[in-house]
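*Asks:* Chain A is fixed; fit chain B onto it per the hints.
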Amino acid sequence: MEDPLAAIKVTFFQECEEQLAELESGLLAMESNVADSETVNAVFRAVHSMKGGAGIFAMDALVRFAHIFETSLDKVRSGVLSATPPVVAVFLRAADLLADLVRAAREDSAVDEARIAALGVEFERIDHLDGAPEAAHVVPASECSAGDGGGQSGGVSTWNIVFTPDQALYAKANETALLLRELHRLGEVEVELDESGLPELQDMDPEGAYLTWRVTLRGECGEEDIRDVFEFVQEDCHLEISKAEPYGFDPGTVITGDNGFKFEFFAPIVEEPEEEDRKAEVKSEANVQAAVERPDPAAPAAAGAPPPQSKTVQAIAAKTEAASSVGATIRVDLDRVDRMIDLVGELVINEAMLSQRVLEAGIARSSGVAMALEELENLTREIQDSVMAIRAQPVRSVFQRMPRLVREVAAMTGKQVRLVTEGEATEVDKTVIERIADPLTHMIRNAIDHGLESTDRRIAEGKPAEGTVRLTALHRSGRIVLEVSDDGGGINRPRVRQKAIERGLISPDAQLTDEEVDNLIFLPGFSTAEQLSDISGRGVGMDVVRQSIQALGGRISISSRPGKGSTFSLSLPLTLAVLDGMVVSVQGHTLIIPLGVIVETLKPRREDVFPLDGDLNVLKLRGGYVPIVDVALCLGYGAQHSDPAQSVALLVEGEGGARAVLLVDAIHGQKQVVIKSLEANYRAVRGIAAATVMGDGRVALILDVDAMVQNTATDARRDLAESRQLEASAGER
Amino acid sequence: MSDAIDLPPVLDLVAAPGLLESFVQRRGDRLCIDASRVQRLGAQCLQILLAARNAWAEDGNALDIQNPSEDFTASLELLGTSVGGLTNGTQKASGETDR
Numbered sequence: 001m002e003d004p005l006a007a008i009k010v011t012f013f014q015e016c017e018e019q020l021a022e023l024e025s026g027l028l029a030m031e032s033n034v035a036d037s038e039t040v041n042a043v044f045r046a047v048h049s050m051k052g053g054a055g056i057f058a059m060d061a062l063v064r065f066a067h068i069f070e071t072s073l074d075k076v077r078s079g080v081l082s083a084t085p086p087v088v089a090v091f092l093r094a095a096d097l098l099a100d101l102v103r104a105a106r107e108d109s110a111v112d113e114a115r116i117a118a119l120g121v122e123f124e125r126i127d128h129l130d131g132a133p134e135a136a137h138v139v140p141a142s143e144c145s146a147g148d149g150g151g152q153s154g155g156v157s158t159w160n161i162v163f164t165p166d167q168a169l170y171a172k173a174n175e176t177a178l179l180l181r182e183l184h185r186l187g188e189v190e191v192e193l194d195e196s197g198l199p200e201l202q203d204m205d206p207e208g209a210y211l212t213w214r215v216t217l218r219g220e221c222g223e224e225d226i227r228d229v230f231e232f233v234q235e236d237c238h239l240e241i242s243k244a245e246p247y248g249f250d251p252g253t254v255i256t257g258d259n260g261f262k263f264e265f266f267a268p269i270v271e272e273p274e275e276e277d278r279k280a281e282v283k284s285e286a287n288v289q290a291a292v293e294r295p296d297p298a299a300p301a302a303a304g305a306p307p308p309q310s311k312t313v314q315a316i317a318a319k320t321e322a323a324s325s326v327g328a329t330i331r332v333d334l335d336r337v338d339r340m341i342d343l344v345g346e347l348v349i350n351e352a353m354l355s356q357r358v359l360e361a362g363i364a365r366s367s368g369v370a371m372a373l374e375e376l377e378n379l380t381r382e383i384q385d386s387v388m389a390i391r392a393q394p395v396r397s398v399f400q401r402m403p404r405l406v407r408e409v410a411a412m413t414g415k416q417v418r419l420v421t422e423g424e425a426t427e428v429d430k431t432v433i434e435r436i437a438d439p440l441t442h443m444i445r446n447a448i449d450h451g452l453e454s455t456d457r458r459i460a461e462g463k464p465a466e467g468t469v470r471l472t473a474l475h476r477s478g479r480i481v482l483e484v485s486d487d488g489g490g491i492n493r494p495r496v497r498q499k500a501i502e503r504g505l506i507s508p509d510a511q512l513t514d515e516e517v518d519n520l521i522f523l524p525g526f527s528t529a530e531q532l533s534d535i536s537g538r539g540v541g542m543d544v545v546r547q548s549i550q551a552l553g554g555r556i557s558i559s560s561r562p563g564k565g566s567t568f569s570l571s572l573p574l575t576l577a578v579l580d581g582m583v584v585s586v587q588g589h590t591l592i593i594p595l596g597v598i599v600e601t602l603k604p605r606r607e608d609v610f611p612l613d614g615d616l617n618v619l620k621l622r623g624g625y626v627p628i629v630d631v632a633l634c635l636g637y638g639a640q641h642s643d644p645a646q647s648v649a650l651l652v653e654g655e656g657g658a659r660a661v662l663l664v665d666a667i668h669g670q671k672q673v674v675i676k677s678l679e680a681n682y683r684a685v686r687g688i689a690a691a692t693v694m695g696d697g698r699v700a701l702i703l704d705v706d707a708m709v710q711n712t713a714t715d716a717r718r719d720l721a722e723s724r725q726l727e728a729s730a731g732e733r
Numbered sequence: 734m735s736d737a738i739d740l741p742p743v744l745d746l747v748a749a750p751g752l753l754e755s756f757v758q759r760r761g762d763r764l765c766i767d768a769s770r771v772q773r774l775g776a777q778c779l780q781i782l783l784a785a786r787n788a789w790a791e792d793g794n795a796l797d798i799q800n801p802s803e804d805f806t807a808s809l810e811l812l813g814t815s816v817g818g819l820t821n822g823t824q825k826a827s828g829e830t831d832r
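Sequence lines, in order, name chains A and B. Per the numbering used here, the very first residue in the first sequence carries number 1; after that it's consecutive. Per the numbering used here, the very first residue in the second sequence carries number 734; after that it's consecutive.
In case anyone wonders, no lab produced these hints; they're calculated from the structure. Watch out, some of these pointers could steer you wrong.
Between beta-carbon pairs, the in silico distance windows are [unchecked claim]:
| # | chain 1 | residue 1 | chain 2 | residue 2 | range |
| --- | --- | --- | --- | --- | --- |
| 1 | A | 158 | B | 760 | 39 to 47 Å |
| 2 | B | 797 | A | 434 | 52 to 60 Å |
| 3 | B | 816 | A | 158 | 50 to 58 Å |
| 4 | A | 57 | B | 760 | 30 to 38 Å |
| 5 | A | 57 | B | 816 | 22 to 30 Å |
Covered, in the sense of this in silico footprint (three residues per stretch, anywhere, with C-beta under 8 Å from a C-beta of chain B), are these stretches of chain A [as the list claims (entries may be wrong)]:
| # | region |
| --- | --- |
| 6 | 170 to 179 |
| 7 | 187 to 193 |
| 8 | 202 to 209 |
All C-beta atoms in this analysis are idealised placements derived from N, C-alpha and C, irrespective of residue type, glycine included.
Extracted from the complex, chain A is given alone in its bound form (with noise of 0.2 Å):
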């Protein structure tokens, strides 16, 4: 039987990962001074949502700690205490701790008592230190807060609660057990049920809701506390909540004086509250009644008025009414929107194959048919761009993850560190974002770990005792560029040069440029560190950066200055499913270059070649020697060009900047193109990174140049057979 609660809990958690996400941004800008009191209110409404859909799910845990948090808050929104540098850390890190337990109670591992213990601790000393009346305490399970509305002030009260559910609320997998459980965290509960609403058993709807609940609620809490509990199935249910009266003697009560005098005790005059609804002034009375009533709970308890039928209909209106005032979102799988990408590829091919046969058959490109291909061609790049569009996110997601991983390797580290971020909402497809947070987050353990110093050495230096780490996301040419930035000691050449020599990657004669040396770190199994961290060195090094981010189709780059820091440049595409091409043909075959990596086109003129040894050339440009790779060759093909003058030259840059001349027969332009990957329908082949169909119905490679500009020769001649078979087999479609 499939528990209906599953499905709420998965939103649920959902839910707290944009709330974590919210808390996260809200408390850095109170770290950095810049929150304002909506700011505080939304990190208080972020911990409150949390608590109470854990509340409902019974994680006690999450409750018991979001509880804690949440009444330290408070005292900040209401300006009991303030927002000082030591509180926003507590409050940090008991956001990060927040973390773990919804991630515990998803997981439905254990949880880390010692710390929420220790965190407890915390927030009591940052209640001493802005000297507050009174301190927050680990408040256990059966208690609750002071601080919300209904003018408790730290004593107890009794309250009078009558729950009568709405069929709606049960359709919503919401349960009464599960309310009252949350009013018994409140403190002492008297549960009473009415059953007067219940009809014959034959008359009964299996799902509709016939009871009423009348509960007496002892405890150190405000009506607010009693509301959260009833928060998410509020319009789903009739709730009367009223304070019963604290002071004086039951109604009815006869006390007697020593000189014999009388005193009998009336029930209070309630005024009528200033609603304008009868109904609900009907249930008022009725509730009034009801507290009147108890201490004698056989007589007739008055029957509340049913719950008015227009009231879903009026809960649905206002929700939409909501909804539509505040953007509104829906929840998508994701594997539909994936299939609908790539339905749109195939619709775009289709559209290139019919646009190629129109063509064909002469077609006057004047003729109504040709201009109605070419508002569908418009069209259907629309629809290309308006689907790309709901894939992408902004990075803001995985920048969200940064400064719980600085504060946590800076307290590893024993660094002062600052993470400065920019572009969070910088947008790129969200398999770009899933797969560049491990990237990132190495990048910047490394920032920390390698690259600043130890704060005696900064300040040795005369810098600011706290490093900066700088985080950036900006989109630039078609790509998005992530920047890891840091204003440490820069890259310590000399060392590294040192070590690859140590490790032999680099003969000890070798010349290099400071380029090439800061490059060394990619090298698989390179290692600067003196002694392997906790933090950075687990023998997974900036190799396995690059290679994560090339195969992304992204590029890595550095730029360091002694002194002064390092900065790592990613550069990645926005999309994996598009690519702008250059459509180039060579000995009759259609392949496609990344736009992305071609730096020029150029005519070689003869004179400008310079044959090397083998079959390699070099052409003069500007004063520099750029190698010339033929694909024809590298392919596998044919033959070399005999007259590179014949041909079509494209300098390309590859990774870390290396250059390129490739030779092709002919450019024929640039082209959008919907990339089909070839590890996923045949396998991964070197020197091409993936295929595309073309209007006319054939498949056409796409150069992997990186690939093309570092391979050798004999490398790509092993796979030339192979490429050429995989032609032949996909055919014509």
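*Replies:* Quick look at chain B alone, frame taken from chain A:
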């Protein structure tokens, strides 16, 4: 003649229609409810149990609950009633007497 119902472990919204049906089918006989496996009891199944209690009392048939599990007893308590409250069909709850 006596019949028996073995309550499932989870008595939630999903279980309610089946539970109601099983009571409707057994109407007219003495009934024994085994609550030993119950782990969770929701309000909607509770109201069916209450309506069944009333129906059996009205028919003058006995309705017993056997081996209530701890979870079952605790759930009933949480919801403001007890195992006894489900079986003493002749002693109706406060509001019921005036209906």
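*Asks:* Can the suggested window of 50 to 58 Å be confirmed for the beta-carbon pair residue 816 of chain B and residue 158 of chain A?
*Replies:* The hint (50 to 58 Å, Cβ to Cβ) is violated, given that residue 816 of chain B and residue 158 of chain A are roughly 28 Å apart.
*Asks:* At the C-beta level, are residue 158 of chain A and residue 760 of chain B separated by a distance inside 39 to 47 Å?
*Replies:* holds, 43 Å
*Asks:* Range first: 30 to 38 Å. Now tell me if the beta carbons of residue 57 of chain A and residue 760 of chain B are that far apart.
*Replies:* holds, 37 Å
*Asks:* Please test the hint of 22 to 30 Å on the beta carbon pair from residue 57 of chain A and residue 816 of chain B.
*Replies:* holds, 27 Å
*Asks:* Within 52 to 60 Å or not, the Cβ separation of residue 797 of chain B and residue 434 of chain A?
*Replies:* Holds: the Cβ-Cβ distance is about 58 Å, inside 52 to 60 Å.
*Asks:* For the region 187 to 193 of chain A, do three or more residues have a beta carbon lying closer than 8 Å to a beta carbon of chain B?
*Replies:* holds (count 3)
*Asks:* Is the listed coverage of the region 170 to 179 of chain A by chain B valid when you require three or more residues with a beta carbon under 8 Å from a beta carbon of that chain?
*Replies:* This one holds; 6 residues, not fewer than the three required, reach chain B with a Cβ under 8 Å.
*Asks:* Apply the coverage criterion to the region 202 to 209 of chain A and chain B: a residue qualifies when its Cβ sits closer than 8 Å to a Cβ of the chain, and three qualifying residues are needed.
*Replies:* Three-residue rule met by the region 202 to 209 of chain A, so holds; n is 6.
In summary, the one numbered hint that this structure violates is 3.
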